[in-house]
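There are 2 protein chains.
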Amino acid sequence: MSTLVQTIAVLGGTGAEGSGLALRWARAGLRVILGSRNPEKAAKACRELNALAGTDSISFADNRSAAAAAAIVVLTVPHQVQRATVEEVRDAIAGKILIDTTVPLVPPKVARVQLPAGGSAVAEVQRMLGATVRVVSAFQNVPAHNLRDLDHPVDCDVLVCGDDVAAREIVIGLARDVGLRAYHAGPVCNSAAAEALTSILICLNIRYKVPGAGIRITGIPDTTS
Amino acid sequence: MSTLVQTIAVLGGTGAEGSGLALRWARAGLRVILGSRNPEKAAKACRELNALAGTDSISFADNRSAAAAAAIVVLTVPHQVQRATVEEVRDAIAGKILIDTTVPLVPPKVARVQLPAGGSAVAEVQRMLGATVRVVSAFQNVPAHNLRDLDHPVDCDVLVCGDDVAAREIVIGLARDVGLRAYHAGPVCNSAAAEALTSILICLNIRYKVPGAGIRITGIPDTTS
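Just so you know, the protein sequences line up as chains A and B, in that order.
Numbering (my numbering) for the first sequence: 55 to 279.
Numbering (my numbering) for the second sequence: 55 to 279.
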């Protein structure tokens, strides 16, 4: 278990990706607060996830209170509300690490790479927040349904992008806590690659009729990752 | 061996990526013409590659003549001369398939994702050529030195992007000819993901001190690829 982090807030924590991460972090011994705008939905998700994890370490709150109570804040909301959610918690995340899992999908053509004009949705959030928050991009490529399935390891690696190396290192530790191999993949602008790759994976799911294509990095011995 | 293709022109075929592909295609039984602006360099590369492949099926010509003599044309030149090379061979590739391996690296920061304003260097070539040429993006992520090393399989998959499905299928066959698993990864604009990923792989090579990080697609049974 990561010794640097004890409480994680997962904003949008009732969604597929957020709840999957929350479940695995809880099972790894971390305290998790689901941030949500819908208390009823959040209470229900909390009960379900605690039961699945066999813990009582998952709680819930509104996004702002969740962010205020945690050292690490994870953003798992749809791209359409990414910026609004960041604005909502802006004061509460000053000085902290924000893990942003956002993929800039443009419905209905989600299998088509359509990056924002600035190149990366996550890099735009780092620009928006300035140096007060260390934004780290991660988990874009991990199939959500695999996270929920605790009986099987997740067959996907994590590309971790951020301008602050120490913050990336913490996020790599948090990925390991949920059983994922993760790699330092450069500055936050490199998030464009992970964001674009998600549309490719959606494309592969459709074309090859599989539930969750993923990626593995090759050529790096396990001991160095 | 792909039965649909007999002669391939590799423009920029004396470079690392081009010569590696030429070598493996020759060994798979295809005829390859190295396109080059430098006849001396091309003659030398030809001799070396034929010796390595144990064939005499690799020849050379200037880019325009090479493109004119082949059914499939592969572009493996640096991004800086990508458009000029395409202009040079424009008449010779009408009605053909152009496999574009270009990665829009911006020296000196090649480990930083810096996609062109249009999103993808290869998609820009498709726009430039219009419907007369079927442009297919492939091989961006394959470490060049691995292609040269015939004693070992290349531990990297190929994302194949193009607007024409039949053309993508032919390129997937050509990737198989050189021992690579390749996947239909959507329209040509999706090339942005493969192009961006190359900077990530360069990043990983530097960070983890390895010669050639690559990617594998997971979650798709081998029989369907």
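Since the hints were derived computationally from the structure, they do not count as laboratory data.
Take these hints with a grain of salt, some might be off.
All copies of an identical chain are treated as equivalent in the list; a pair is satisfied when it fits inside any one copy or across any two copies.
Each computed EDC-like pair below joins lysine to aspartate or glutamate, with the alpha-carbon atoms no more than 20 Å apart [to be verified]:
| id | residue 1 | residue 2 |
| --- | --- | --- |
| 1 | 163 | 209 |
| 2 | 95 | 205 |
| 3 | 150 | 116 |
| 4 | 263 | 223 |
| 5 | 163 | 217 |
| 6 | 163 | 205 |
Taking the hints in turn, this is what the structure says about them:
no.: 1; hint: 163 x 209; result: neither (25 Å within a copy, 31 Å between copies)
no.: 2; hint: 95 x 205; result: neither (25 Å within a copy, 57 Å between copies)
no.: 3; hint: 150 x 116; result: within (18 Å within a copy, 57 Å between copies)
no.: 4; hint: 263 x 223; result: between (35 Å within a copy, 17 Å between copies)
no.: 5; hint: 163 x 217; result: between (30 Å within a copy, 14 Å between copies)
no.: 6; hint: 163 x 205; result: neither (32 Å within a copy, 42 Å between copies)
The earlier numbered hints that this structure contradicts are 1, 2 and 6.
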